[in-house]
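> Just add 2 to the spot in the sequence shown (first one is 1) and you have my numbering.
What the hints contain is simulated information worked out from the structure, not anything from laboratory work.
Certain hints may be false.
[Said to hold, decoys possible] Cut-off 25 angstroms, straight-line C-alpha distance, at most; resulting in silico cross-link-like pairs (BS3-like, lysine-lysine):
id	residue 1	residue 2
1	Lys246	Lys228
2	Lys149	Lys33
3	Lys275	Lys246
4	Lys275	Lys52
5	Lys23	Lys33
6	Lys275	Lys30
7	Lys111	Lys100
8	Lys111	Lys171
9	Lys275	Lys100
10	Lys100	Lys33
11	Lys23	Lys52
12	Lys177	Lys142
13	Lys54	Lys23
14	Lys246	Lys234
15	Lys30	Lys142
16	Lys234	Lys275
17	Lys142	Lys100
18	Lys54	Lys33
19	Lys111	Lys177
20	Lys23	Lys142
21	Lys30	Lys54
22	Lys275	Lys33
23	Lys246	Lys221
24	Lys23	Lys246
25	Lys149	Lys171
26	Lys33	Lys52
27	Lys177	Lys149
28	Lys111	Lys56
29	Lys56	Lys33
30	Lys234	Lys221
31	Lys56	Lys23
32	Lys275	Lys56
[Stated by the list, open to error] Now the in silico label distances, taken between C-beta atoms and shown as ranges:
id	residue 1	residue 2	range
33	Gly159	Asp55	28 to 36 angstroms
34	Gln264	Thr121	33 to 41 angstroms
35	Tyr58	Glu145	36 to 44 angstroms
Here the structure is a predicted model, which is why all the values come from computation and not from measurement.
Note that beta-carbon positions come from the ideal geometry of N, C-alpha and C, so glycine has one too.
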Amino acid sequence: MRYKKAVGMIYIATVHWETDKWIDTQLKYFKRNINQPYRVFAFLSGDACKHKDKFYFACCEPITEHAIKLNLLARFISLQANDDDVLIFIDGDAFPVKPIDSFVTLTLKQYPLAAIRRTENIGDLQPHPSFCFTTVGFWKSIEGDWKEGYEWETTAGIHRTDVGGNLFKILIDLKIDWLPLERTSQLTNHGLMFGIYADLVYHHGAGFREPLSMYDRTKSLVGIVKPRFIAKLLDLLLCNVSVKNRFRIHRLLGIGDRINYQNQRLSQSIHEKIAMDEFFV
């Protein structure tokens, strides 16, 4: 496969899983907040495959692992990009809410890579692919890898890994100073989903998956279990219980189903308002 190289291009790698409901929204915000020339490379599945003509490049191969899709998109991009071109990884339910050109340019003069870091998810430390940018040349030079594997200790005292784990290990081993993009605001009081990072990028966090996170499993049950004093009592009883056993207790009491239902309703409401431009203009 041969491509014509473009000068000063931004290459965007994104994934839309099963549903197409975020495609037009994401593309609209790209157009609104990226002024430099850019090309969007996408991995699509399900209904999203009907929209492959909206992307510069789209692949609908039946691959399920998110990290492998991102790695493949980076490989496809490297076949046509210049080393100094910008490479952006972004989840399908994420998009810039302000112009990002200057921020990306200035950041890459100081750091070779910047990415969302979701410390709010019980202390996750790794670069997260909901939004990450670097250069094509740097990604190739470190043999970047989004797969999980490397583990870190969370604030809940457990060791875990997730997408971006291996990239985190690469950056540690090579002693590379990268810029974490922290959560700066949010659309609701949910501490993980519906967040804005670096005052620049929105990440819905529940666009393609069941909205029941590690954060949800460890937060207070006030507002979930009624009456309030029962919720507070459960909080006290569960505060010293391991995360694994907390999950089991949640399942036994049907708490996970309640949280999931509440989050699904909230997620749908937020998505509808975003689609109507009620939050970001």
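> If any of the earlier hints don't hold here, list their numbers in rising order.
2, 3, 15, 16, 17, 20, 24, 28, 33, 34 and 35
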